[in-house]
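Engineer: Heads up: the protein sequence lines correspond to chains A and B, in order.
Here the first sequence is numbered in numbering that gives the first Met the number 0, starting from 0 and rising by one per residue.
Here the second sequence is numbered in numbering that gives the first Met the number 0, starting from 0 and rising by one per residue.
Keep in mind the hints are simulated off the structure, nothing from the lab.
On a predicted model such as this, the values are computed, not experimentally measured, just so you know.
We treat Cβ as the ideally placed atom computed from N, Cα and C, and that holds for glycine.
Some clues are possibly wrong.
Stated by the list, open to error - Simulated restraints, written as ranges between beta carbons of each label pair:
1) 121(A) x 357(B): 20 to 30 Å
2) 17(A) x 38(B): 38 to 48 Å
3) 383(B) x 17(A): 30 to 40 Å
4) 156(A) x 44(B): 30 to 40 Å
5) 357(B) x 266(A): 14 to 24 Å
6) 265(A) x 150(B): 46 to 56 Å
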Amino acid sequence: MDTFKTYETAWCPGCGNFNILRCLKKALEELGKSPYEVLMVAGIGQAAKTPQYISANRFCGLHGRALPAAVAAKIANEKLTVIVDTGDGDSYGEGGNHFMHNIRRNVDITHFVHDNQIYGLTKGQASPTTGEGHVTDVQVDGNANTPFNPILMAVSAGAGFVARAFSGDSEHLVSIMKEAISHKGYAFVDILQPCISFNKVNTFAYYKSRVYHIEESYNPADKMEALKKAMEAGDKIPIGVIYRETRPDFHEKKQILNTGVPLVDRRTDLQVVQKLIREFV
Amino acid sequence: MYNILIGGAAGQGIDTTVAILEKLLKKSGYYVFTVRDFMSRVRGGHNFSMIRFGTEIITSHNDKLDGIIALNDETVVLHKYKLKEKGFILCDGSLSAEGPQVIKLDMDKMAKNLGNARVLGSIAVGAVLKLFGESLEDVEDIMKASVKEQYLEINLEAIRAGYESVEARFAHMEGKFSDWMLISGSRALAMGAIAAGLQFYSAYPMSPSTPIMEFLASKSNETGMVVEQAEDEIAAVNMALGASYAGVRAMTGTSGGGFCLKVETLGFSGIAEIPLVAVDVQRPGPATGLPTRTEQSDLKFVISAAQGEFPRMVIALRNHEDAFYQTIRAFHLAEECQIPVIMLSDQYLGDSTATVKPYELSNIHVAEAAKADETEGEYLRYRLTQDGISPRLVPGKSRHFVSADSDEHDEGGFITESAQVRRAMMDKRMRKLKKLEEELLEPEFLGTEKCTTLLLGWGSTYGPIAEAVKGLNEDGKGEYGALVFGDIYPLPVKKLEKLASAVKYIINVEQNATGQLADLVREKTGIQCSSGILKYDGRQISGEEIVQRIRKGA
Numbered sequence: 000m001d002t003f004k005t006y007e008t009a010w011c012p013g014c015g016n017f018n019i020l021r022c023l024k025k026a027l028e029e030l031g032k033s034p035y036e037v038l039m040v041a042g043i044g045q046a047a048k049t050p051q052y053i054s055a056n057r058f059c060g061l062h063g064r065a066l067p068a069a070v071a072a073k074i075a076n077e078k079l080t081v082i083v084d085t086g087d088g089d090s091y092g093e094g095g096n097h098f099m100h101n102i103r104r105n106v107d108i109t110h111f112v113h114d115n116q117i118y119g120l121t122k123g124q125a126s127p128t129t130g131e132g133h134v135t136d137v138q139v140d141g142n143a144n145t146p147f148n149p150i151l152m153a154v155s156a157g158a159g160f161v162a163r164a165f166s167g168d169s170e171h172l173v174s175i176m177k178e179a180i181s182h183k184g185y186a187f188v189d190i191l192q193p194c195i196s197f198n199k200v201n202t203f204a205y206y207k208s209r210v211y212h213i214e215e216s217y218n219p220a221d222k223m224e225a226l227k228k229a230m231e232a233g234d235k236i237p238i239g240v241i242y243r244e245t246r247p248d249f250h251e252k253k254q255i256l257n258t259g260v261p262l263v264d265r266r267t268d269l270q271v272v273q274k275l276i277r278e279f280v
Numbered sequence: 000m001y002n003i004l005i006g007g008a009a010g011q012g013i014d015t016t017v018a019i020l021e022k023l024l025k026k027s028g029y030y031v032f033t034v035r036d037f038m039s040r041v042r043g044g045h046n047f048s049m050i051r052f053g054t055e056i057i058t059s060h061n062d063k064l065d066g067i068i069a070l071n072d073e074t075v076v077l078h079k080y081k082l083k084e085k086g087f088i089l090c091d092g093s094l095s096a097e098g099p100q101v102i103k104l105d106m107d108k109m110a111k112n113l114g115n116a117r118v119l120g121s122i123a124v125g126a127v128l129k130l131f132g133e134s135l136e137d138v139e140d141i142m143k144a145s146v147k148e149q150y151l152e153i154n155l156e157a158i159r160a161g162y163e164s165v166e167a168r169f170a171h172m173e174g175k176f177s178d179w180m181l182i183s184g185s186r187a188l189a190m191g192a193i194a195a196g197l198q199f200y201s202a203y204p205m206s207p208s209t210p211i212m213e214f215l216a217s218k219s220n221e222t223g224m225v226v227e228q229a230e231d232e233i234a235a236v237n238m239a240l241g242a243s244y245a246g247v248r249a250m251t252g253t254s255g256g257g258f259c260l261k262v263e264t265l266g267f268s269g270i271a272e273i274p275l276v277a278v279d280v281q282r283p284g285p286a287t288g289l290p291t292r293t294e295q296s297d298l299k300f301v302i303s304a305a306q307g308e309f310p311r312m313v314i315a316l317r318n319h320e321d322a323f324y325q326t327i328r329a330f331h332l333a334e335e336c337q338i339p340v341i342m343l344s345d346q347y348l349g350d351s352t353a354t355v356k357p358y359e360l361s362n363i364h365v366a367e368a369a370k371a372d373e374t375e376g377e378y379l380r381y382r383l384t385q386d387g388i389s390p391r392l393v394p395g396k397s398r399h400f401v402s403a404d405s406d407e408h409d410e411g412g413f414i415t416e417s418a419q420v421r422r423a424m425m426d427k428r429m430r431k432l433k434k435l436e437e438e439l440l441e442p443e444f445l446g447t448e449k450c451t452t453l454l455l456g457w458g459s460t461y462g463p464i465a466e467a468v469k470g471l472n473e474d475g476k477g478e479y480g481a482l483v484f485g486d487i488y489p490l491p492v493k494k495l496e497k498l499a500s501a502v503k504y505i506i507n508v509e510q511n512a513t514g515q516l517a518d519l520v521r522e523k524t525g526i527q528c529s530s531g532i533l534k535y536d537g538r539q540i541s542g543e544e545i546v547q548r549i550r551k552g553a
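Full structure from sequences and hints, please.
Structural biologist: Here it is, written out as structure tokens:
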């Protein structure tokens, strides 16, 4: 144990991020990953600090831009286990366009979103997943926007692995994380998480009383069922794998990446360059 | 030297006709220089290309024409006045053009008789070859490389038919350029990137930068490169940075508007010290501006783009040789100094084709990321060093963690707000400027050393300025000289400072409205230009135009 170490953190005591980090380390250790082969990528936000607190390679980029950097790093070196670990604002707000299109790109990375339905780092404004009517210092008359449903979006846009988990259910979270990391292709997990400082609506008790494990009989390969499951909300919130489908990932679809030798280990052949030069003569 | 214009509507096949003709002329020994002027539309409108060819090196377009090949009436109306006295207009029999200069050929009918209306362009090619006294010797070889096999025979027939239907008017001249390359600026840049070891190119399509992406994509399987069309320019640049962090040579390209979206990431490259090569093929702005035309108005923008301060390098590409060799150097400097390097091209350079000596690969040197055994003791990605450059390892290739952070960070790459660390890190990054300054290439001097008037230019105005200086000095007095900057930021000042005190007048020649180079020169040296020749109508200034404006007292 303790292959992955924790560095000093700057989160509020009692924050859901702590347990997500603990579960992440456990999942990586149980999968037998070496920290040197793991690349943690994030943008900006409280959740986005996660890569700072775990002993692994880390790329802490710009707000909303974790996904493009992460997929490119994986394209460059397929031997890296690339995990984007960041928040709802980073993933669905500032980075919404990248979320949509990287589902389509299907690069073999894992995307964990700590979804606390609020902006933590900027102290309490509405996030894309904040409930309608939720009053904040900015949304003074209550949030007027329809909350974004990331699960529904991911399933409908064609993601091959879509799951929801809860930061307060460790055993379940670890198992979902392991499945997501092991999935070949883009794997997405929305992790419900209380923000003890800025979200007094979606509290630990709120989630605890609503989440339920998806029934054993549920078939995550059935897309129509998945769409229905994705739309379940309110008093009962399903957690578990909502949709799973194995499709060729980016590397398998790109002829030149499908050679077994990572791009980073190859060099351009000057003879090819010479041949190209001759084509212009 | 000859100069012809081929014009028509978008969709009439001008591009193909020009591409074949310029290859044939180059193969016969001529130095060829072709510029492309087109509208931002797929059908209709008015597009034209001008091919200038001769037995000596040509660096600029020119408006005096020996021939017009008109595929529609509009071409005749718009360009007739540029025709020299002995010039010709070659057009279809159905056009309304009349006069002694007009050669009417029923090209449309001939093409249809041959069985395909689309070979009209090849008929025109044949006619032009004959008019300029060329032989048909290389036609088959060139056509084989230019058209699909099933269309080869009919196109050859079309060329022969065109050839036989006119009389020669000009004499063939013997040039020595048949073994040189004929390449566009954007392809030259792409070739430089390939030679430098480019493995990852991410971009969003935007005129006039798209030909770079298209060329790289067309060669991606051969060279083993990933060319990824990103969802937007922000993704494009962040992908390039992610790939570079992971250890492959990466580049991103766009035009000014797309560059605006990439700006935040430029600063990220600066603070995280990740090599980045970014191309801006300029077009007239602001906003959408003139999408398919040319301008040099992004200089001040790219030298200061992004919040905060960090070292960066900006190289303006002057011609089709620079586009290749300076691109290789851009990769080297980005890696060596772990900084963003921006290359400024523009539509004029990017889309024009020129004849260049085959590129030399023997002296290519591009720095590599560090190896694990080159780092001492505890691995610190941002170790404070004398030259400001810290050992950059690639993640997953050693028993060390490699960090990158857009926040200010300590030597280990961890977020910090310590005032002391902040100062140390800023100083460390800024020390790289010293190294850059040692690597700077002084501007190229053209003309005579004893000149009294000095022209200043940068980037693609190099060619027109070179032709202008030659023309201005033809009287033998040697009054004119020019400095044309390639490396432009940091600004190399040694040659300029030396010359500035010796000359009477300094005139900046730029494709923008405000004289951005003149401003930069004044800021860095205190040297003030006496006057400026500025053009910002989206059309490149020619050598002749510069001469005229100087003679008028610019």
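Engineer: With reference to the structure, classify each hint as holding or not holding.
Structural biologist: Against the structure, the hints:
For residue 121(A) and residue 357(B), the Cβ-Cβ distance of about 57 Å falls outside the hinted range of 20 to 30 Å, so the restraint is violated. A hinted range of 38 to 48 Å for the beta carbons of residue 17(A) and residue 38(B) is inconsistent with their spacing of about 60 Å. At about 33 Å, the CB distance of residue 383(B) to residue 17(A) agrees with the hint of 30 to 40 Å. At about 38 Å, the CB distance of residue 156(A) to residue 44(B) agrees with the hint of 30 to 40 Å.
Residue 357(B) and residue 266(A) have their C-beta atoms about 22 Å apart, which keeps the hinted 14 to 24 Å range intact. A hinted range of 46 to 56 Å is violated for the C-beta pair residue 265(A) and residue 150(B), which are about 37 Å apart.
Checked against the numbered hints above, the structure breaks hints 1, 2 and 6 and satisfies the rest.
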